Each structure stands twice: as structure tokens, then as C-alpha cells.
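J.: We have chain A already, so just place chain B on it with the hints.
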Amino acid sequence: MSRARGLRIFWAICLVLCLAGFLVSVLTGPVRTTPGDLVRFVQNPDRVHAAIFLDLRLARGVLAFLVGAALALSGAILQGYFRNPMADPFVVGVSSGASLGAVIATAVGFEAVAFGFSGPGLLAFLSGLGIVSTVYALSLRRGGFKVETILLTGIAAGALASALTSFLLFMRSDSYDQAVFWLLGSFQLAEWSQAATIAPWIALCLAASLWLARDMDLLALGDETAQALGSPVRRVRKAFLAMSALLAALAVAVSGIIGFVGLVVPHWVRLLIGPSHRRLFAASALAGGTFLLYCDLLARNLLPAELPIGVITAAVGAPFFLYLLHKKR
Amino acid sequence: MRRGWEMCLQPTRDGSAVGDMSLRHASPVLLGLLLTALAFSQEIILPQEKAGGHVPPAHVPGVAPKAGQVITDDLGRSFPRPARPPERIVSMAPNITEILFALGLGGRVAGVTRFCDFPLEAQRLPRIGGLVDPNVEIVRSLDPDLVVAFRGNPLRLVDRIRKLGLPVFVLDIGRSLDDLAPLITKIGRVTAAEPRAEELSAGLRSRLAAVDAALAGAARRPKVFVLLYGQGLWTCGGESYVNDLIGRAGGTNVASALPKKWALYKRERIIRDDPDVVFILARSAADFAAGRDRLAAMPGIGAVSAVRTGRIYEIDENAASRFGPRLVDVLDRMAELLHPDRFGGRP
Numbered sequence: 000m001s002r003a004r005g006l007r008i009f010w011a012i013c014l015v016l017c018l019a020g021f022l023v024s025v026l027t028g029p030v031r032t033t034p035g036d037l038v039r040f041v042q043n044p045d046r047v048h049a050a051i052f053l054d055l056r057l058a059r060g061v062l063a064f065l066v067g068a069a070l071a072l073s074g075a076i077l078q079g080y081f082r083n084p085m086a087d088p089f090v091v092g093v094s095s096g097a098s099l100g101a102v103i104a105t106a107v108g109f110e111a112v113a114f115g116f117s118g119p120g121l122l123a124f125l126s127g128l129g130i131v132s133t134v135y136a137l138s139l140r141r142g143g144f145k146v147e148t149i150l151l152t153g154i155a156a157g158a159l160a161s162a163l164t165s166f167l168l169f170m171r172s173d174s175y176d177q178a179v180f181w182l183l184g185s186f187q188l189a190e191w192s193q194a195a196t197i198a199p200w201i202a203l204c205l206a207a208s209l210w211l212a213r214d215m216d217l218l219a220l221g222d223e224t225a226q227a228l229g230s231p232v233r234r235v236r237k238a239f240l241a242m243s244a245l246l247a248a249l250a251v252a253v254s255g256i257i258g259f260v261g262l263v264v265p266h267w268v269r270l271l272i273g274p275s276h277r278r279l280f281a282a283s284a285l286a287g288g289t290f291l292l293y294c295d296l297l298a299r300n301l302l303p304a305e306l307p308i309g310v311i312t313a314a315v316g317a318p319f320f321l322y323l324l325h326k327k328r
Numbered sequence: 000m001r002r003g004w005e006m007c008l009q010p011t012r013d014g015s016a017v018g019d020m021s022l023r024h025a026s027p028v029l030l031g032l033l034l035t036a037l038a039f040s041q042e043i044i045l046p047q048e049k050a051g052g053h054v055p056p057a058h059v060p061g062v063a064p065k066a067g068q069v070i071t072d073d074l075g076r077s078f079p080r081p082a083r084p085p086e087r088i089v090s091m092a093p094n095i096t097e098i099l100f101a102l103g104l105g106g107r108v109a110g111v112t113r114f115c116d117f118p119l120e121a122q123r124l125p126r127i128g129g130l131v132d133p134n135v136e137i138v139r140s141l142d143p144d145l146v147v148a149f150r151g152n153p154l155r156l157v158d159r160i161r162k163l164g165l166p167v168f169v170l171d172i173g174r175s176l177d178d179l180a181p182l183i184t185k186i187g188r189v190t191a192a193e194p195r196a197e198e199l200s201a202g203l204r205s206r207l208a209a210v211d212a213a214l215a216g217a218a219r220r221p222k223v224f225v226l227l228y229g230q231g232l233w234t235c236g237g238e239s240y241v242n243d244l245i246g247r248a249g250g251t252n253v254a255s256a257l258p259k260k261w262a263l264y265k266r267e268r269i270i271r272d273d274p275d276v277v278f279i280l281a282r283s284a285a286d287f288a289a290g291r292d293r294l295a296a297m298p299g300i301g302a303v304s305a306v307r308t309g310r311i312y313e314i315d316e317n318a319a320s321r322f323g324p325r326l327v328d329v330l331d332r333m334a335e336l337l338h339p340d341r342f343g344g345r346p
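Residue numbers (numbering that gives the first Met the number 0), protein chains in the order written: chain A, 0 to 328; chain B, 0 to 346.
With the rest of the complex left out, here is chain A (with noise of 0.2 Å):
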């Protein structure tokens, strides 16, 4: 089989599998509705059913799917900006810092909303790309440009926020269901507004990756070759770095935290398709779309009660992880 015809199949494939699972992410939920029902809202729209298929279902797999494809793309942007494998769209910081946002807001009460965000929302995508911010200023204080010391400041100013956080739940006990919600992730919430806020920044960031996505092959050699071949390697790995936060910050924002999608999925494109960043980054935030659609339909209909989709996919995601880990062994 030649590899134009794989990358066929395989882009086919997946998007098949994301046109099936909104399908079925429309047709099932609590409330039982056939095919049959849906064909004749189609020619004869209702009130009751505009809500539960499109204010409702329809705005959440949207809204899963802008989430997916947000983290998986910034995924695979950090896996080749850090060439470590283990690298996910957390790692520098944005999950901790965005949940310490969420946990405060929820703690103080602050509701305001804007742009589609809730109060908490608001201040976890703040706080999100605020830690980011810090960790990069900090990592740039001893002159030279490392790529572990901002792996290693990540780390810590992560664990520095999440015993902050841990500290305002202990101390706020009433917030516990909220920050459930924000810690292991929902699309309960879902809305129209949300989808609309997050989707052009994550078609830009798309944009963006693959228009630089030439430069992130050349510094796969070492920065000083990718140099030396023409690409502007600081400009190159700021403008990564932005965009990965970014994407991770407006995801956690909507939905809170779901770990393990930036992770894997970068992961599983590259085995299908190779490491040729341009179609990596299409394709995982294709293949992360449809992957966190399907995670979300399982997390909703798999008991009477609605799962946090952290689970779901943690207990997708922790398996191959494993593997990973011991294959590199």
C-alpha cells in the first residue's frame, strides 16, 4: 500500500468516525429518541426537540470536539517543542495554574461572565496562560534558552498551584462539587456561546502550526542545526509555546480539566502516519476531535449518572501511556 493511498484511508477513516459519533452523539442522552425522531424534527422542528438536539446534544459534541482537537493539537505541538514523548498540554503548568483560577473563583463567588466563559472559566483560562507566562519569564531569567529548565519550572510552579488549590478546597469544602467539575472535567454545561468563543482561536492556532509546522520538522535535528538550516528558532519556539497554551487554556476554560487526550492522540497519529509535523497537526486535531466525542458519549451514557469525562479518558488514556512507557524500555 503506498503511503498517499494510507493517508487517504486513514483521513477517511477519521472522518467517518466524527460524522458517525456526532450522529449518534445527537440521537443518544438520557431522554430516548430514534432516528425516526429526528428525521421529522428535521422536516417539522419543535420546541422540546430543537433543545434536546440542538441546544443540548448537538452544542455538546461541538463543543467536545473543539476540546479534542485543542488538546490534542497542543500536544503534539509541546511533544516536538520538548522531542519528549511524555509531553501533553499540561506539562508546562496550564492545568494546575488554570485549576487554582477555577477553584478560587468557585471560592470567592466570582460569576462574572464574558465571551462565553463562566466566572470560573474566565479565571482558569487567566490563570492558565498567567502560569505559563511565569514559567517562561522565569526560565529566561539565566540568559540562555532552555528547553528543560522550562520543563522543570512547569513542574514545580504545577505542584506550586496544585497545593494551593488543594489548600482552598480543604479550607472551602462547599465548592467540592464544582471543583470536581473543573479537576476531572464535563461538558454538562455545554452551550452554543462557548463553542462559538474557543472555535476561531483554535482554527487561527490550527492555521498557525501548520503554516509553521516546516520549522518544527527542523528543530526535531537540535536548535542549533534548525538554526543553521534558516529557521528562526526563537521566534519559531515562542510562537509554539503561545499557541499550545493558548489552545490548552481556552479547553480547560469550557470544560475543565481532561487529561491524557493531549497525550495520546498525538501518539497514535504519529504510529498511523509518521512524524511529518504538518500532517500530524491536522490530523491529531482531527483524530482528538473525534476521540474526546466518542469519550464524552461514553462518559454521558454509560450510567444513569453523568461520569466526569476525565475518567473516561484517563482510563483510556493510562493503559497506552503504560505501554509507551515499557516499549521505551
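Be careful, since some hints might not be right.
Pulled a few chain B residues facing chain A out of the computed Cβ check, cut under 10 Å [stated by the list, open to error]:
id, residue
1, 113
2, 128
3, 129
4, 134
5, 136
6, 137
7, 140
8, 142
9, 155
10, 162
11, 163
12, 165
Calculated directly from the structure, the hints in this document are not laboratory data. All values derive from a computational prediction rather than experimental measurement. Where is the CB? At the ideal position from N, CA and C, for every residue including glycine.
T.: Frame of chain A; chain B shown alone:
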């Protein structure tokens, strides 16, 4: 922990209105980007979103909001006063269900939570999920013309339901028996059942007054320890309405200084407090007996007055854990148990 449901809940602190979002401006962008095929859906989505915004809900039956005809819920959101009772009411808490039935609206209740088991008829109604996990989709599918929620339901879910265009009336969690009649009045108003609500509250008020009268001038206030049947020594603190119930019944809750609704108590403190009476909130006689035996068997507890004199009584957890009309039954029982001499019984 799945003891009395009330304790699992914390009132949502902030009641500030979450404004309606920028969907109207933003959704064309999104739909254009992702859902060209479904572009017609805009017409369907947008009017609904409007209905859930700042505008008072439009389709409460008999809407005719005149001056003085607007009522507000406990989040301060205004509702048009309905001319006739809503046809399809969704109740998001057991005490609300109970009050709706007591107001004779049982036939109009379209959905209840899985905890709504009183009166028995409520158990046959469609379930919308739990208190902290009501299912928005099921609520919407019942197509209610009124949703009655309380502050123990997560505000974010309540708002999600509201944004789907459903009128959600949110009520505070009661803190004392004095909040009961106003609660019933409010529910009566939003369901156009004022006369029945007035009758019910007046009846409850006079029963409260009768208890007060019977206890007037009682010199001694027995010390009471409340035990919630289950693992650990859970008791009610000063912020629970059960604390108020004990006070009204002429007793003193030994744990009233705890600034909580429910809290774990220490065995040593019970021994030090030396309560005269123990009330065990239990769901069945078997639970009560097990709770009593377990308490009595704890080292050191045998010396406590209530255990020595055998004044350990069962209180129906189901009635006591719901802020509804049956609380007055619980009050009557507590008052009689604490002051039998005042109620014609033998001391």
C-alpha cells in the same frame, strides 16, 4: 456519604444572575464554520435563548404581568404571577415535591428527583435525577411550564435549564421553622394556589402556636443530642433547622455551638455534655435499634443521663430531613418526648 440528603448539600453561595451570553452575536460565526448544513437551526436556537435571558419567562400560562403582579424567587429573579396553576411542574427537591402535593398540585407535577418518595404517589412520577445531579435533558424533555428548584441544586445546572427557556423558580434552604410558612406561600404564589397555601400555612402556624402555648413557662430545657443513624457520630450543628426544631420543642441541642449544618461529634464531648435525651434520626425501627445499641455500647457513654434513663427516641429521618409540612409532626413528637407532662402524658 449518603445519609440524610440535606447534609450532603451546601447552599450555593452566590445567587448573582449569570447574564445571557453573547450567543446571538457569536453563533453565526460558529455555525458558518462548522455547521453550514444545519444553518437553519439558528432560527430555532435563538428565540429560545432569548427566552432564557433577562426577560422573564414568557410561557407561564396566563401570563399577564401587571404592576404588583410580579413575584420574585429567592435569587431575586422576577416571575409573572400566573392566573392559573402551571400544568407541568418539575420539582427539583423532595420538600418542594411534598409541598406541591400538600397544595393539591400533585396531578400537575411532571417530574421529581429520585429522592422524592413522599407522598407515595410521587414515587411513580418521572425522575429527573438527583439533587446535585439533575439531568438537564430529562428536565427539558418533560416540557415543564414551571421548574421549582432550591439552592441545594447546583446553580450552574439551574442556569443551564433556565437558558433553555424554562422558567426556573429558585427557593432558599430553610434555616428555621419560621421559614416554612413563607416557603409554602411562595410556592403557592408561583403556582397560583394561594388560597390553599394560606390555609396550609395558617394550619401549620396554629400548630406551632399550640406547641409554644403548651411549653410556655416550662422551667427546664432538657439537653438533647441528635444522632444521625449511620457510620460515625453525625449530629446537627447550630445552622441546621433541626437545631431550631429542638429549641422550639423545648430542648437544647448540645451541639448548637457548632457553626455547621451537620458535623461529626466527638464521643468525649457527648460524655461531657451529658445529654438528657438522645434523638436518633433513622429510616426504620431496625436502624433505630441498631443505632441505639451501638451508641449505648460505646465506652463511657453508658454513664450519660439519656442512656441511664433510657430516654433515647426514634425520629423519622425521612420527615425530619425535608424542609416541608411534616417538620411540624416532628416538632410535635419532639415536644411530647421532651415534655411529656405538658402534653397530658406521664412524666
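J.: Decide, hint by hint, whether the structure agrees.
T.: Here is what the structure says about each hint:
no.: 1; hint: 113; verdict: 9 Å, holds
no.: 2; hint: 128; verdict: 7 Å, holds
no.: 3; hint: 129; verdict: 7 Å, holds
no.: 4; hint: 134; verdict: 5 Å, holds
no.: 5; hint: 136; verdict: 5 Å, holds
no.: 6; hint: 137; verdict: 5 Å, holds
no.: 7; hint: 140; verdict: 4 Å, holds
no.: 8; hint: 142; verdict: 5 Å, holds
no.: 9; hint: 155; verdict: 6 Å, holds
no.: 10; hint: 162; verdict: 7 Å, holds
no.: 11; hint: 163; verdict: 5 Å, holds
no.: 12; hint: 165; verdict: 9 Å, holds
Consistency with the previously given hints is maintained throughout, with no hint failing.
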